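Visitor: What follows is each chain in one-letter form.
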Amino acid sequence: MSAAAAPPQSVLRFEDVSLAFDDTVALDHVSFEQAAGETRVVLGAAGSGKTSLLKTAIGLLKPDSGRVWLLGEEITCRGEHDLFRLRSRVGVLFQEGGLFDSLTVGENVAYPLENQQVGQAATPDEIERRVEDALRFVELEHTLDKTPDELSGGMRRRVGIARASVTEPPLVLYDSPTAGLDPITANTIVELIAKERDLRDTANLMVTYRYQDGEIMANFRYNPDSGQMVRVAHALESNGLRTIFMVLEGGRLVFEGSQKELEASNDPYVARFVRH
Amino acid sequence: MLDILKPPVAEFQDFLVLSGRALKNVFRAPHYWDDVFQQMDIIGVGGLAIVALIGFFSGLVITMQMSRSLSAYGAVDQVGPIVILILVRELGPVLTAVMVAGRSASGIASELGSMKVSEQIDAMRALGTDPIQKLVTPRMIATAVMLPLLTIIADLVGMLGGFLIAYFTLRLTPSQYWTPAYQTLEYNDLVQGLLKPFIFAFVISLVGCYYGMQTKGGTQGVGRATTQAVVVACVWIFVLDALLGRIFVHMG
Numbered sequence: 005m006s007a008a009a010a011p012p013q014s015v016l017r018f019e020d021v022s023l024a025f026d027d028t029v030a031l032d033h034v035s036f037e038q039a040a041g042e043t044r045v046v047l048g049a050a051g052s053g054k055t056s057l058l059k060t061a062i063g064l065l066k067p068d069s070g071r072v073w074l075l076g077e078e079i080t081c082r083g084e085h086d087l088f089r090l091r092s093r094v095g096v097l098f099q100e101g102g103l104f105d106s107l108t109v110g111e112n113v114a115y116p117l118e119n120q121q122v123g124q125a126a127t128p129d130e131i132e133r134r135v136e137d138a139l140r141f142v143e144l145e146h147t148l149d150k151t152p153d154e155l156s157g158g159m160r161r162r163v164g165i166a167r168a169s170v171t172e173p174p175l176v177l178y179d180s181p182t183a184g185l186d187p188i189t190a191n192t193i194v195e196l197i198a199k200e201r202d203l204r205d206t207a208n209l210m211v212t213y214r215y216q217d218g219e220i221m222a223n224f225r226y227n228p229d230s231g232q233m234v235r236v237a238h239a240l241e242s243n244g245l246r247t248i249f250m251v252l253e254g255g256r257l258v259f260e261g262s263q264k265e266l267e268a269s270n271d272p273y274v275a276r277f278v279r280h
Numbered sequence: 402m403l404d405i406l407k408p409p410v411a412e413f414q415d416f417l418v419l420s421g422r423a424l425k426n427v428f429r430a431p432h433y434w435d436d437v438f439q440q441m442d443i444i445g446v447g448g449l450a451i452v453a454l455i456g457f458f459s460g461l462v463i464t465m466q467m468s469r470s471l472s473a474y475g476a477v478d479q480v481g482p483i484v485i486l487i488l489v490r491e492l493g494p495v496l497t498a499v500m501v502a503g504r505s506a507s508g509i510a511s512e513l514g515s516m517k518v519s520e521q522i523d524a525m526r527a528l529g530t531d532p533i534q535k536l537v538t539p540r541m542i543a544t545a546v547m548l549p550l551l552t553i554i555a556d557l558v559g560m561l562g563g564f565l566i567a568y569f570t571l572r573l574t575p576s577q578y579w580t581p582a583y584q585t586l587e588y589n590d591l592v593q594g595l596l597k598p599f600i601f602a603f604v605i606s607l608v609g610c611y612y613g614m615q616t617k618g619g620t621q622g623v624g625r626a627t628t629q630a631v632v633v634a635c636v637w638i639f640v641l642d643a644l645l646g647r648i649f650v651h652m653g
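Sequence order for the protein chains is U and A.
Residue numbers for the first sequence follow my numbering, beginning at 5 and rising by one.
Residue numbers for the second sequence follow my numbering, beginning at 402 and rising by one.
To be clear, the hints were calculated from the coordinates, so they are not data collected in a lab.
Note that the coordinates shown come from a computational prediction; the quantities given were computed from them, not determined experimentally.
Any given hint could turn out to be false.
Unchecked claim - Using 27 Å as the maximum straight-line C-alpha spacing, the simulated DSS-like pairs for lysine-lysine come out as follows: (1) A/K517 to U/K150; (2) A/K407 to A/K535; (3) U/K150 to A/K535; (4) A/K617 to A/K407; (5) A/K425 to A/K617; (6) A/K517 to A/K407; (7) U/K66 to A/K517; (8) U/K66 to A/K617; (9) U/K66 to A/K535; (10) U/K66 to A/K407.
Start from the sequences, fold in the hints, and give me the full structure.
Guide: The structure is reproduced here in structure tokens:
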């Protein structure tokens, strides 16, 4: 029927998606649609279904009901092997980085290039070059031969960002990239994410409990000439810098809209995120 | 009544699904041979010393215990055949398997469990690798190859332990011990002695992987998964041993 009806420019679409683990509801009839090049910031307290939303988006979790489209293809009923091709076009940063302990930093970043079918098989030289580029981007090129356990929490996230973006996917998902980090490191991480977005024009879905993360994503832009983050005046109207906020409460999507609308919201739960 | 049965049945079903997929992956590309050899090294070479030690002492102890009753009947020269049958048919496979379960099922469960709770399994899936293919199948193949070999070594070292007692306390000559022992062994005994560890290997590796992949609830969950893996693997080893023993005793 209309299985492939999702508009081509939508990178991610949820239609009435519900998911429960035993008795706890993780997602409760969630529907939204994310356009290409768009940034989405999902706010929510712990246990509000943020991570489940992200994992459902790439088929790591199967919804109990509802349908999910990823990069224009429905993934709700796809088998695991069938999903690999699609997932290779999505970058994911897991909460603690999700780096493989048994591999070095360099091998971790090379992993997607070696194991995902991204175009033609890359030559070893090309893989090496791209790994170095990706690590230079997060300013960790000197850690190439270290193992993840030698790195700090912030550095692990940065390696995770390098690994998520090394294949240059059109959509990158970030699971609480700043959780458990000090404010300074946290801002560095979010600025890296924004920089990655602006240099490659990717769509982002970031789940977080920190409103400041969304604030940076919505109002700052990387200026490649000066190499710095600059505040954008009238962010919402300016050249395609679209950031949409979503708020999850107990698996339900209780808010979806711009930063202005978010700050004007009277909902006490939504307002709690904005205030601090 | 049925509600009580539901969780264990569902769990067993999940276990069978995992086992089925792990077995199917043996015949499906990609094969991660590096991981297979690495696991063989960890499970087989790593377990060699402890398995040899256990084998040695079990052979030693059986001979010591048997010698009293045997000398009461004046049948001390029968010690070789008795020790070799007990070792090859029962104690070699079972003790080795229990030892490897303690070493490897726990190691596998805790390694996979930590990977699960630190989202490395999810990361693997997100990066286009089937964790069953990459983690479970290599461990299963490695254990299935190494456990029979470890059992053979345990049997041999156990015979050696028995020989020390036979030689020094029972005053048997080497040929009085080794020749009847060797002649007693039948095809049936050897098949039983090698088939058992081969089957136990699947139990150990798959139970370890199953509990590892099922881990929930952070570091505490890893500890729980590890304990469960060892306990469940050991229980299955003894149950299957009795079952297989029954089949082979009738065949013999």
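Visitor: All hints, please: hold or fail.
Guide: These are the hints, each one checked on the structure:
In summary, the hint linking A/K517 to U/K150 is supported, as the alpha carbons are separated by about 22 Å, within the 27 Å threshold. Distance restraint check for A/K407 and A/K535: the Cα-Cα separation of roughly 31 Å exceeds the 27 Å cut-off, and the hinted pair is therefore not satisfied. A C-alpha spacing of about 23 Å is found between U/K150 and A/K535, which places the hinted pair at or below 27 Å, so the restraint holds. For the proposed pair A/K617 and A/K407, the alpha carbon gap of about 20 Å is at most 27 Å, so the pair holds.
Distance restraint check for A/K425 and A/K617: the Cα-Cα separation of roughly 26 Å lies within the 27 Å cut-off, and the hinted pair is therefore satisfied. Restraint check for A/K517 and A/K407: the C-alpha separation of about 25 Å stays at or below 27 Å, so the hint holds. The hinted pair formed by U/K66 and A/K517 meets the criterion: a straight-line CA distance of about 17 Å does not exceed 27 Å. Between U/K66 and A/K617 the alpha-carbon distance is near 18 Å, which keeps this suggested pair within the 27 Å criterion.
A distance of roughly 22 Å separates the Cα atoms of U/K66 and A/K535; the hinted pair therefore holds under the 27 Å criterion. A C-alpha spacing of about 22 Å is found between U/K66 and A/K407, which places the hinted pair at or below 27 Å, so the restraint holds.
In the structure shown, a violation is registered for the earlier hint numbered 2 alone.
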